[in-house]
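Engineer: Place chain S on chain F using the hints.
As a plain string of letters, each chain reads:
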Amino acid sequence: MSKLSFKRYFKFCLPAVLLALFSFSSSAQDGEALFKSQCSACHAVKEKLIGPALMGMEKRHKEDWLIKWIKNSQAMVKAGDPVAVKLFNDNNKVAMTSFNLSDDEIRSIIAYVKAEAEKPEPVATTGGQAGTAPVEKEQPIALYLIIALLVLALLSAILAKVQNTLATTVRQKEGLPEPAEMSRWQSFVTWARSNKKLIAVLLIFFTLYGTVKAWYALQAIGISQGYTPAQPIAYSHKLHAGDLQIQCIYCHSGAERGKAATIPSASVCMNCHKYVRKGPETGTEEIAKIYKALDYDPSTGVYGPNQKPIEWVRVHNLPDLAYFNHAQHVSVGKIECQTCHGQVQETMTVASQFSPLTMSWCLECHKTTQVKMAGNGYYEQYHQKMLDKFGSDSLLTVDKIGGLECSRCHY
Amino acid sequence: MSKKYWKGVEELQNDAEFVRLKNNEFYEHLPLDEVIQKKAVDTNTTPRRDFLKFLGFSVAAASLASCETPVTKSIPYLIRPEEITPGVADWYASTYFDGYDYCSVVVKTREGRPIKLEGNTLSSVTKGGVSARVQASVLSLYDSTRIKTPMMYGAAATWADVDKTILEKLNAIAAKGGKIRILTSTIISPSTLKVIADFSAKYPNTKHVVYDAVSNSAMRQANQMSFGMSVIPSYNFDKATTIVGIAADFLTNWISPIEYSRQYGVTRKLDNGKKSMSRHIQFETALSVTGSNADERFAVKPSQQAAVVANLYNAIAALSGAASIPAASAGELQKDISATAKSLLASKGSSLVVCGINNVAIQTIVNGINSLLGNYGSTIDLDNANKMRQGNDADVAMLVDEMNKGEVAGLFIYNCNPALSLPEGNQFAKMVKKLDLSVSFADRADESATHCQFICPDHHPLESWMDAEPKAGLYSLGQPTIAPLFKTRQAQESLLSWSGNTMNFHDYMAAFWSSNILNKGTGNWNKALQDGVFELPPVASKAYTHSADLNAAANSISKSSSNGFELVVYEKTGIGSGVMANNPWLQELPDPISKITWDNYLAVSPKDAREKGWKQGQVVTLSAGNVKMNAPVVIQPGQAFGTVSLALGYGRTAAGKVADNRGVNAYPFTSLGADAINYSISGVDIQKSTEDDYAFAATQTHHTMMGRAIVKETTLPEYLKDKNAGNHPELFKKKIGHHEEVDVKAEELSLWREFEVGNHHWGMGIDLNSCIGCGACVVACTAENNVAVVGKDEVMRSREMHWMRIDRYYTSDADPKEGESGDLKAMENPSDLPKVVFQPVMCQHCNHAPCETVCPVIATSHSSEGLNQMTYNRCVGTRYCANNCPYKVRRFNWFRYSDNPKFDFNMNDDLGKMVLNPDVVVRSRGVMEKCSLCVQRIQEGKLNAKKEGRKIPDGEIKTACSQSCPTQAITFGDYNNPESQVKRMWKPEERSYHLLEELNVKPNVYYLTKVRNTSEGKEA
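As given, the protein sequences belong to chains F and S, one line each in that order.
Numbering-wise (my numbering), the first sequence opens with residue 1 and increments by one.
Numbering-wise (my numbering), the second sequence opens with residue 10001 and increments by one.
Certain hints may be false.
Chain S residues, not near chain F, derived (Cβ > 12 Å throughout) [unchecked claim]:
#1 10155
#2 10377
#3 10429
#4 10735
#5 10871
DEER-style ranges, computed between Cβ atoms [what the hints assert, rightly or not]:
#6 F:313 - S:10272: 55 to 63 Å
#7 S:10904 - F:321: 22 to 30 Å
#8 S:10275 - F:321: 45 to 53 Å
#9 S:10144 - F:42: 50 to 58 Å
#10 S:10516 - F:321: 51 to 59 Å
#11 S:10755 - F:347: 30 to 38 Å
#12 F:42 - S:10949: 36 to 44 Å
#13 S:10501 - F:321: 28 to 36 Å
#14 F:374 - S:10978: 57 to 65 Å
#15 F:321 - S:10948: 49 to 57 Å
In silico negatives: residues of chain F with every beta carbon more than 12 Å from chain S [unchecked claim]:
#16 50
#17 78
#18 102
#19 103
#20 165
#21 169
#22 197
#23 204
#24 229
#25 238
#26 243
#27 285
#28 404
The hints are simulated quantities; they were obtained by calculation from the structure and are not laboratory data.
Glycine included, each C-beta is placed from N, C-alpha and C at the ideal position.
Pulled out of the complex, with its shape left as it was, chain F reads as follows (with noise of 0.2 Å):
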């Protein structure tokens, strides 16, 4: 190795090791590691959350007093230290956890933070491009169908003008007489003549077809199965129910309870997303907008009092004359969700209705599904009276037990 190269191998080490030293130090990332699995919970380097932003705080506070503080706060709290009483106070006397770290790795935290909090911004995308999928505008294939058309239309009343200019001029070169003037019709009516199977063959099938057409056109009509409206928010349950393994429950606690599985309430999306403020994608600003619905400010963490609904798109729509009851399902009937709502968690990014919802697949159901008899005591005579009379379990299906009759769910 040359002088100049070694000379220059040290000027760029140099920095790096200097680097090393003092931002990217060994305790600096087991602080990171620590920082995530035991703070981040409720701490954020730059913002408040439930507890204040950490940034400065090693300025704030000495060491040894935040040491202590992050040990056992309460206790401070307790002991009237000024400083903690005042800090306790200042975040709605929400007491911190206790934490059993040592020493040192409390210093690797506040290093880790002092290092994050030193980090340039990054530079902000503008307006949140990149993070949005981009919207597919709808193509206009009819316009297009259109000026192909018309295009087409030229194109053979030219050939035709052609065609026939030409046939004049041959006739005229031939001395061959002008073809009796027929009309259109009297030229169709001549050409169907002679092709009079070909004919019947067209009549029959689209006869055939435009009735097979009409009769499944009119059996969709009402049904919307696969109707996926546009949301105000673009909430995925790919990401909350499958990623993330929210249970269903959770959100739609209506649905263990009574007839309506309930849309949350925005203050269920609180109990995640005071914390949860960005997602990867579209994840900000759609998190945004339950602040905003919430008049909420998640820099101070107060409610205003600008609160306004979020107006939900209702995919699933019984008509009244059907009473429909969660809780019969889920409750007692123990219903995976996914058997009337599909895969919602593998496949729904936006919320689509999966089943057709109409009454002759209520009954299919009704007339497969086996009545859960064994163990609840609402059954209790009646789960043998009905063994006796059927044999087996597997047997007794919702439509023994009264499934089909009308005022189960009309009334």
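Structural biologist: Chain S in isolation, oriented as in the chain F frame:
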């Protein structure tokens, strides 16, 4: 002698109109003339083409509309209140009191809207009973006539402005030393009385005047004279074996009717081996609900009432060796009075005489009677007084006098409507206009409030905090079950703020309770609020002997004069004193007696009608003193001869769209007497007027049962001899072998296979003995099942939608008795004074239902739980089922009754629609509907049991009607449960029977024979 049952004068006389209606049970007139104006048909040359155009257009429009799926918004709470789960009802204990009716209730709310009231079983006053009026009060909450902001000089204002101006005026009056009067109805709220006391302390020249439109002031005065206590005692009807009512309609109107009817019901029941029932004798003028339930009823003129009371006293005194008092002759009633006295004495100490006449002398003698009978301390409890009806008529008279002299400077009107209900209301209204300050707390600009400078609208009871002490030591609490709908303010809070107290009423009341009420017993505020009641143990009831001068009292009433017709004003079961006149549910509730809806009328006796040539609906001119008005005639069997009666609460002019200009105002016929308000007047001249006959909307002659034996009846002596008396089944011949025949019951002859019954078999039993016909069930059913109000016109076409009706049958001996010589009474037509039977009829849920077999689209079918199901969305409206129903309980939707300006009742405005039960569909036009046995409640009860993994205990699921029945005449339950009451009560070998058993449709609803406690042992 055979008994005859009839539904009305029309049937008895086989009136031509009745025959027409009977034969055409379903009104078939198609309103073509109204739809297609005749002129248009005549002049237009191509209506057919237009018709086809419209047809084509509507088909196209309908098919286009059906292809589009509307976007429905679903808006969750931002912060869901902890107790609310959308779709699950919450129940809150509360109190209903409007100055007239009291009831401890539980309020059913859905997503923060109260939708139904039910009785609070924890209350030892009402014991879970409710009345038709209390049931209907929830609809008055959503009355769009309520004023939405405070009003100042007839214009909307802000509370700040109103408060400022009123305070200025109050201070000016106080500086001058002017008189301030607070005119209120009875106030049973202890903390409200404290609020008024605080106000009076701040403005010392204030006097609180208590005024009840229907007053029992004389009773308090009489008790003051007799016992030195100005109270209304507690009555224990349940301890009474002989009950005598004198012009007291204690089952639906008098003082505390919900309490009394529950007690009365207990004494009328004959189940669980009970062999005795109370004997009830009623003396009254107009046929009341109470009178129609009596074992013996005597029609007396108001002028005879004093003689009846005095002679009853003398008859008892003679038998028990006491001195007699001066009494006018009771004439032909003397024999009945003596018999009554014997009955009373036979149950000395457990008898009860109640009297509703607002006359101090008469009430004093009644006290004497009860004292002779030793009823104080047993059936009458003076130590635990009833706090209802505190009105002081002398104070009212004094106020009227002061007002007329112009001595009053400021007047506050709370919970009463003096301009309407005072005998000279118009004069009062004129004087109100001259006051320095006049404030009304009315919820609407009613007859009195319109004359006031300020209207400071009070909350509806369901929006208010309130407390009540209906009986001494028995407190109840009311809590708001909805945030105030409008910018109203509780009257107590208004008074507090004008007395310089900025506390809200809740805090005020809670503080008052902790220092004055809760400390008297064990309990705390939260428990009291949750229970709705806070009850101290009753004081031991002592025996009392009256100490009033009966001779003086008797002397003052011994000479009564009577000339011309005598008129009594009375309260109808639905409208009462008129507090809730603007409530369409109450207006459409058929009067239990006349079965007429939407009107009041002049009830006259059949005999008078015959003599004077009055016809049903004829308009007559009444004049008494300087009061003159026209009213239509209703021929009312049971009305005393020579008397007419007119119901209160009608003839409103400023109550709202439902009540205004319906019927006539009867209050002007009352008068402020020497010491109390009189509710009868003699010397009424009645002349036929030239007005056209008036048409009533009566449900009386519809749904007739074509003369078949439907009500079964017997007497107590017969019943004790033979448990099956009056209920011997009709037997049919059945062939066995070739020549032999045996007698069998209808149920053994069946063409049909039996339905298989599943886990439950729901059924209902109705005890005709305890049904008093009050109509609480009908309103409860209306509220629970979103039954539409159809209005007077449609009721006249027999198109009322009530799922249940209470049939009222009159019964009398078929022919006039052969008169004993000189006995005038026997010469009378017995049908003029008939006995009455009530029978609630709803869908009987037949196991072999005739309706099910004729439906071409299977819209009505049978369930494995014994229900006859009606599926509206399947119904195409052929009405075959209604035609084939032997009970006539099916109702057809001739129109869309919601969102239809032609039916401008609660379902035509957004506010009124808030009362709808979201668990029951609002039916559309062209479908049939009927009682479902409250299937939504059954399903809910089953679901709750399944969720908790337990059986359904008997009595947990109740239908709306069985829940609301104040006498518990309706029992609902599961026949599959051997322990259930409905199963245990089913004893065909005793009193149970099915309606029209011979048809063998095997209903799941059964009835229990009515037993009258009469001495004559004749069987129906």
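Engineer: All hints, please: hold or fail.
Structural biologist: Structure-based check of all given hints:
no.: 1; hint: 10155; in the structure: holds, 30 Å
no.: 2; hint: 10377; in the structure: holds, 49 Å
no.: 3; hint: 10429; in the structure: holds, 45 Å
no.: 4; hint: 10735; in the structure: holds, 34 Å
no.: 5; hint: 10871; in the structure: violated, 4 Å
no.: 6; hint: F:313 - S:10272: 55 to 63 Å; in the structure: holds, 58 Å
no.: 7; hint: S:10904 - F:321: 22 to 30 Å; in the structure: holds, 25 Å
no.: 8; hint: S:10275 - F:321: 45 to 53 Å; in the structure: holds, 51 Å
no.: 9; hint: S:10144 - F:42: 50 to 58 Å; in the structure: holds, 52 Å
no.: 10; hint: S:10516 - F:321: 51 to 59 Å; in the structure: holds, 53 Å
no.: 11; hint: S:10755 - F:347: 30 to 38 Å; in the structure: violated, 45 Å
no.: 12; hint: F:42 - S:10949: 36 to 44 Å; in the structure: holds, 41 Å
no.: 13; hint: S:10501 - F:321: 28 to 36 Å; in the structure: violated, 53 Å
no.: 14; hint: F:374 - S:10978: 57 to 65 Å; in the structure: violated, 24 Å
no.: 15; hint: F:321 - S:10948: 49 to 57 Å; in the structure: violated, 29 Å
no.: 16; hint: 50; in the structure: holds, 18 Å
no.: 17; hint: 78; in the structure: holds, 31 Å
no.: 18; hint: 102; in the structure: holds, 42 Å
no.: 19; hint: 103; in the structure: holds, 42 Å
no.: 20; hint: 165; in the structure: holds, 47 Å
no.: 21; hint: 169; in the structure: holds, 53 Å
no.: 22; hint: 197; in the structure: holds, 37 Å
no.: 23; hint: 204; in the structure: holds, 27 Å
no.: 24; hint: 229; in the structure: violated, 7 Å
no.: 25; hint: 238; in the structure: holds, 20 Å
no.: 26; hint: 243; in the structure: holds, 23 Å
no.: 27; hint: 285; in the structure: holds, 19 Å
no.: 28; hint: 404; in the structure: violated, 10 Å
The structure fails to meet hints 5, 11, 13, 14, 15, 24 and 28 from the earlier list, while all remaining hints are met.
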